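Q: Model the full structure from these sequences, guided by the hints.
So for the sequence shown, UniProt numbering puts the first residue at 1; every next one is plus one.
Hints were generated in silico from the structure; no laboratory data involved. All of these numbers come straight from a predicted model, not from anything done at the bench. Careful, some of the hints might be misleading.
What the hints assert, rightly or not - Here are the computed lysine-lysine pairs in the DSS-like style, where the Cα-Cα straight-line distance is at most 30 Å: (1) 179 to 79; (2) 242 to 228; (3) 118 to 242; (4) 78 to 92; (5) 277 to 249; (6) 233 to 216; (7) 118 to 216; (8) 235 to 249; (9) 233 to 257; (10) 228 to 216; (11) 118 to 249; (12) 118 to 257; (13) 78 to 280; (14) 226 to 242; (15) 79 to 92; (16) 280 to 86; (17) 118 to 280; (18) 76 to 92; (19) 213 to 235; (20) 76 to 216; (21) 92 to 277; (22) 86 to 216; (23) 216 to 242; (24) 79 to 222; (25) 134 to 213; (26) 216 to 134; (27) 226 to 76; (28) 134 to 228; (29) 92 to 222.
As the list claims (entries may be wrong) - Estimated spans, in silico, between C-beta atoms of each pair: (30) 132 to 51: 39 to 49 Å; (31) 83 to 259: 35 to 45 Å; (32) 252 to 228: 17 to 27 Å.
Think of the CB as a built atom: it goes at the ideal place given N, C-alpha and C, for glycine as much as any other residue.
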Amino acid sequence: MEKPIEFKIVVGITSVGVSNPTDRLPFSSDTISLAIGILFNELRISIGPLSGRSLHYCNDACLRRYLEARNWNIEKSKKMLEETLKWRSTYKPEEIHWNEVAVEGETGKAYRASFQDKCGRTVLILRPGMQNTKSLDNQIRHLVYLIENAILNLPDGQEQMTWLIDFTGWSLTNSVPIKSARDTANILQNHYPERLAMSFLYNPPRVFEVFWKVVKYFLDPKTFQKVKFVYPKDKDSVELMKTHFDMEKLPSLFGGKGTFDYDHEEFSRLMAQDDLKAAKFWGFQDKSAGVSNGHSGAEVAPEPA
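A: Here you go:
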């Protein structure tokens, strides 16, 4: 029996392994939308009934991110999503309170920027040279909290964030251990797929090449392509920043004209407000009343598939 056209399209999408089927397959947008809807339904059916926060988490936008991350392969997407749901049920990232991780942010080594990029994406600013603590588990919890917070503050219709990483003061002696870098990459890639739009590494010192030669092997090809090295005296780098950011708002440490200084007390007040917003979003009365996931933590993330 001849297969229906939507079946052929779905097979075509999954077999060619494209990141965005609407860009490359020779079908109308309506037909592609139908095929993608079929893939959504297939993935929903394959993961089985959900309830509570897992059901809330697995909306259509979520399913699309996991499908894109695994090139629209249902089985691989299912495996990835199930691993995330298991991780979220034990690590409970939505229940991390700002007051649990606030000490990690005292130096301003990582925070959500007050501005967005030109596409309306939330911007996370990371300054690894400002490292102030020794606990790798708490450092990762702090980053996970900020990722969740960045997602919470995305405008409607936007699914991705941008990272700005300033290397002022960074050296091999104060760099994060390789294990921490690997765990961070695993969390971002395995549990927040398609959430990172771009990561700008601003003015890394030459010695960073030694660290990067190791870290880059933890990145999948898609994530690797999103990493951009930026140097203030390089013309192409300057143009790249102008393309993605309003230079009037971009802080001067990234080559812009903005004059923002991190204020930990002010940021803490903002995060306290966002904790209430997160509690409402996830359906518990007060984020501070959520069940603590503990500081010992489960395994941070499975190895990349």
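Q: Take the hints in turn and mark each one as holding or not.
A: Evaluated hints:
1. 179 to 79: This hinted pair holds, its Cα atoms lying about 24 Å apart.
2. 242 to 228: Holds - the C-alpha atoms of residue 228 and residue 242 are around 14 Å apart, at most 30 Å.
3. 118 to 242: Between residue 118 and residue 242 the Cα gap is close to 9 Å, so the pair holds against 30 Å.
4. 78 to 92: Holds, because 20 Å separates the two Cα atoms, which is no more than 30 Å.
5. 277 to 249: Given pair residue 277, residue 249 holds - Cα atoms ~26 Å apart, limit 30 Å.
6. 233 to 216: holds (24 Å)
7. 118 to 216: Cα-Cα ~27 Å, so holds.
8. 235 to 249: With a Cα-Cα distance of about 20 Å, the restraint between residue 235 and residue 249 holds, given a limit of 30 Å.
9. 233 to 257: Holds: residue 233 and residue 257 sit about 16 Å apart, inside 30 Å.
10. 228 to 216: Since the Cα atoms of residue 228 and residue 216 sit roughly 12 Å apart, the hinted pair holds (cutoff 30 Å).
11. 118 to 249: holds (11 Å)
12. 118 to 257: Judged against 30 Å, a Cα distance of about 15 Å means the pair holds.
13. 78 to 280: Cα-Cα ~28 Å, so holds.
14. 226 to 242: holds (17 Å)
15. 79 to 92: The hint holds at about 19 Å.
16. 280 to 86: holds (22 Å)
17. 118 to 280: Holds: residue 118 and residue 280 sit about 28 Å apart, inside 30 Å.
18. 76 to 92: holds (23 Å)
19. 213 to 235: holds (25 Å)
20. 76 to 216: The hint holds at about 23 Å.
21. 92 to 277: Given that 30 Å is the threshold and the Cα spacing comes to 16 Å, the pair holds.
22. 86 to 216: holds (26 Å)
23. 216 to 242: Distance ~26 Å between residue 216 and residue 242 Cα, so the pair holds.
24. 79 to 222: OK: residue 79 and residue 222 at ~18 Å, within 30 Å.
25. 134 to 213: OK: residue 134 and residue 213 at ~24 Å, within 30 Å.
26. 216 to 134: holds (23 Å)
27. 226 to 76: Distance ~22 Å between residue 226 and residue 76 Cα, so the pair holds.
28. 134 to 228: holds (28 Å)
29. 92 to 222: holds (26 Å)
30. 132 to 51: 39 to 49 Å: Given about 40 Å between the Cβ atoms, the range holds.
31. 83 to 259: 35 to 45 Å: At 43 Å between Cβs, range holds.
32. 252 to 228: 17 to 27 Å: For residue 228 against residue 252, whose Cβ atoms are near 19 Å apart, the range 17 to 27 Å holds.
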